[in-house]
Amino acid sequence: QVQLVESGGGVVQPGKSLRLSCATSGFSFSDSGMHWVRQAPGKGLEWVAVISFDDSNVFYGDSVRGRFTISRDNSKNTLYLQMYSLRLEDTAVYYCAKSPRSVAGLMDSWGQGTLVTVSS
Amino acid sequence: EIVMTQSPATLSVSPGERATLSCRASQSVSSLLAWYQQKPGQAPRLVIYGASTRATGIPARFSGSGSGTEFTLTISSPQSEDFAVYFCQQYSNWPPYTFGQGTKLEIK
Chain Y
3 QVQLVESGGG VVQPGKSLRL SCATSGFSFS DSGMHWVRQA PGKGLEWVAV
53 ISFDDSNVFY GDSVRGRFTI SRDNSKNTLY LQMYSLRLED TAVYYCAKSP
103 RSVAGLMDSW GQGTLVTVSS
Chain Z
153 EIVMTQSPAT LSVSPGERAT LSCRASQSVS SLLAWYQQKP GQAPRLVIYG
203 ASTRATGIPA RFSGSGSGTE FTLTISSPQS EDFAVYFCQQ YSNWPPYTFG
253 QGTKLEIK
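Heads up: the sequence lines are chains Y and Z, in that order. Numbered continuously in my numbering, the first sequence closes out at residue 122. Numbered continuously in my numbering, the second sequence closes out at residue 260.
Careful, some of the hints might be misleading.
[Said to hold, decoys possible] Derived EDC-like pairs: lysine to aspartate or glutamate, alpha-carbon spacing no greater than 20 Å straight-line: (1) 191/Z to 91/Y; (2) 45/Y to 258/Z; (3) 78/Y to 48/Y; (4) 256/Z to 169/Z; (5) 256/Z to 91/Y; (6) 191/Z to 57/Y; (7) 191/Z to 234/Z; (8) 45/Y to 91/Y; (9) 260/Z to 234/Z; (10) 78/Y to 56/Y; (11) 256/Z to 222/Z; (12) 260/Z to 169/Z.
No lab work stands behind these hints, which were simulated from the structure alone.
Please put together the full structure from these sequences, using the hints given.
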């Protein structure tokens, strides 16, 4: 079955960096667009970034553009989110989600999330 | 950016009583609208895509309708496991992909 497992979350000081990973199995990773979506404590869902199946296209939300980098390693079936210059407002559970190749924005399976806490 | 607005914020219904959740887009998204269910401490789960197509494993009591800017998720006879928060999301005009703020479906 489809599995997405995030890791790398933790407590980090403002201005520091953190790298999240999303290990996947059970589907053709190299045929799937992949997203990061976050959810601040008690809040709704905020789309963060997307990367196309072949790494040729990436897009970011306004609040993270220029500070976060999404990438993937199709040989390892793994998605990454490198986060720089972290701010208090980046505190959230970060989910990775997959899209079918034919529908880039549909998120049909999600990981369980990893918590990032930005605090001094 | 397309703004998605859900109503009501909280919907209280008795088990077996029809539940109707609404989602409005600030501009047309055609039928490129999804609904997700999220239970406490869990990841979101896809319920409906293409405004009206049930995702794999979703019971027939869930139905979606609408197009353009007005959408509805209906649960014909909610069971205990259906009480959760529901988010709509448009995937028509992007970036960014945008979500509604959520509707909490609770037991009356």
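Hints, verified against the model:
no.: 1; hint: 191/Z to 91/Y; result: 23 Å, violated
no.: 2; hint: 45/Y to 258/Z; result: 17 Å, holds
no.: 3; hint: 78/Y to 48/Y; result: 27 Å, violated
no.: 4; hint: 256/Z to 169/Z; result: 15 Å, holds
no.: 5; hint: 256/Z to 91/Y; result: 24 Å, violated
no.: 6; hint: 191/Z to 57/Y; result: 32 Å, violated
no.: 7; hint: 191/Z to 234/Z; result: 9 Å, holds
no.: 8; hint: 45/Y to 91/Y; result: 12 Å, holds
no.: 9; hint: 260/Z to 234/Z; result: 13 Å, holds
no.: 10; hint: 78/Y to 56/Y; result: 14 Å, holds
no.: 11; hint: 256/Z to 222/Z; result: 19 Å, holds
no.: 12; hint: 260/Z to 169/Z; result: 10 Å, holds
Going through the hint list in order, the structure does not satisfy hints 1, 3, 5 and 6.
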